[in-house]
Amino acid sequence: MYSYSDFDESFVRSRVAQFTQQVERRLDGSLTEEEFRPLRLMNGLYLQLHAYMLRVAIPYGTISPRQMRQLAYIADTWDKGYGHFTTRQNIQFNWPKLPDVPAILSALADVEMHAIQTSGNCVRNVTADHFAGAAADEIEDPRPYAELLRQWSTDHPEFQFLPRKFKIAITGAPNDRAVTRAHDIGLRMVRNAAGEPGFEVMVGGGLGRTPMIAHTVREFLPVADLLPYVEAVLSVYNILGRRDNKYKARIKITVHETGKEEITRMIEERFAELRPLFGGNDQRLLADIRAAFAPPAFRNAPTDAYDAFYKADAVFRAWADTNLAPHRNDQYAIVTISVKAHGQTPGDATSEQMRLMADLAERYGHSDLRISHEQNVILPHVHKSDLPALHAALTQVGLATANVGLISDIIACPGMDYCALATARSIPIATQIAERFKALDLEHDIGPLKIKISGCINACGHHHVGHIGILGLDRAGVENYQITLGGDGSETAAIGDKTGPGFAYDEIVPAVERIVRAYLAQRQGPEETFLMAFRRLGMDPFKAALYENEGAQDAA
Amino acid sequence: MSRRYSPKVVTANRLREGDVVYLTADDQWSPHHHEAELIEDEAHAQMRLLHASAQKLTVVGAYLADAKAGPNGPEPVHFREGFRARGPSNYAHGKQADLRS
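Sequence lines, in order, name chains A and B.
Note that the numbering used here gives residue 506 to position 506 of the first sequence, counting from 1, and the numbers run on in steps of one.
Note that the numbering used here gives residue 638 to position 82 of the second sequence, counting from 1, and the numbers run on in steps of one.
For the record, the hints were derived by calculation from the structure and aren't laboratory data.
Don't take each hint at face value.
Straight line, CA to CA, 16 Å or less: simulated EDC-like cross-link-like pairs of lysine to aspartate or glutamate [said to hold, decoys possible]:
#1 A:80 - B:654
#2 B:612 - B:654
#3 B:612 - A:540
#4 B:612 - A:33
#5 B:612 - A:35
#6 B:612 - B:596
#7 A:498 - A:540
#8 A:543 - A:513
#9 A:97 - B:598
#10 B:612 - A:34
#11 B:624 - B:654
#12 B:612 - A:28
#13 B:624 - B:575
#14 A:97 - B:573
#15 A:311 - A:321
#16 A:80 - B:575
#17 A:97 - B:591
#18 A:80 - B:573
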């Protein structure tokens, strides 16, 4: 993976030193909270409901065992022994104390990590396909491009005060695992007629209170044009974007108000100006970065032991069927470690679990770990002969849950259990749904089904693109949950449709169960997934299942 | 007929620790909601909020939250304030653990 250059190292250290002094000045009264707040946010430090929260970037979701151990150390030393992996491939610590934050940032810098640009109206952590560099369907590893974008956008003087935050996602595969169409800029690698790799550039996607699927502004962008093109998009947005109204400030609104044709024309015009200014240094830098992402030295060994174990052990087989994905090397598999044990908080890992995952990555995974936007941890390169031993080791610390892609593999934002912006809780809804379907022993029958839960309209839990989306709201001082169906975050992206009136806290799990039972009753067979069935049947049967007995209940 | 003022407490987060605190009648910051001063007069509430907001080295983000009288002192009205007074529901962390005696 990429290692810091001297420039990166001194930049991050100087930011730690700067923030250390800013904290000192806040604590001695030289800085007011109004002055300090933007400074702490630039360093990823929020003040939440019960405590401060520090959001640490995990660039494009790639993390080394040494870094993972340092996160565990931070969790034990300055927090409560765990961390929360987020939908933007970051990790959040929920309980740091302000005077300790400089030491935490220093400990992060020791392993080439930081919390810079994890908040504020700047280009945030660039997210990527969590299977990058390993997936069988991949054209090219997108991470060198993500790293190039990270270096370019970090402290970029023109883009530190954008109208609003700006999120870029990138995938090197036609199958979109990075929700690129719900980002400010989505980059999806494609080939042109000549077989050369390039990017489909999508602009103006986003969730939040005004969910929109991104528009394609360039069908094929040669990879060498990436930086000037992205810079052109940013600079058009920086001028046009609305600073008068926070709720209309994201680029999705700019695209919507300007129109796809006009904004495409403006981007291309700006690109024509910028392109000649990029003299090739970016491409030399990219070549260096690429070398850092060279694939590991894959082992050539028999996989018979895996095949035999797969046939013999039903528990292992169930795990292999859900948690493994095809690797581009036939002898290898991509392992998704579910951080979604039934009843546990989605995305939370204890320090002990982090250390074990780091050890296992070293022993079986070519020292590579990934964090997915679905809040799981990935070992992207595991030789199949090592899978039985890996599975056994995961089982010992509660990390062998066989549920990836199933109904209990739920994305949930922190919600009102932690977040100051939340209007309702998310976490207990997720844990109750997972436990309910475990008790019913139905989730493997149900098959692929993505539930995504947000505790407010800002949609950190991606509910708009959940097959079943749940949005927690405050209705007259009571938690109320609105359901959407048919959302999709993949290459066939779609925003889910509202079913109708929301449900109270104690009604939402039974409501989800009614939806799922309606699906099971109506599907043409197990090969027709929930999303396929919804697209065939439409909303009506699900609405009927959700609401048809309501009158009777009211009358009772 | 004037509308009755719904009672309030002054609450904030501590600057250093970030935890939730409540202003008491004797000008202390307590971690316990039930020890807060229950303010039933609007003008007095504004005075108390000003007093709290001036303590820039102690607390951050002071505001008035609805509360009601209970057998042991003021109780939260809105569920958000209930969570702030107790801690998260997924772990025994925050006040529900720290204040256990």
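**Q.** Hints violated by the structure (listed by number, smallest first)
**A.** 2, 3, 6, 9, 11, 13, 17
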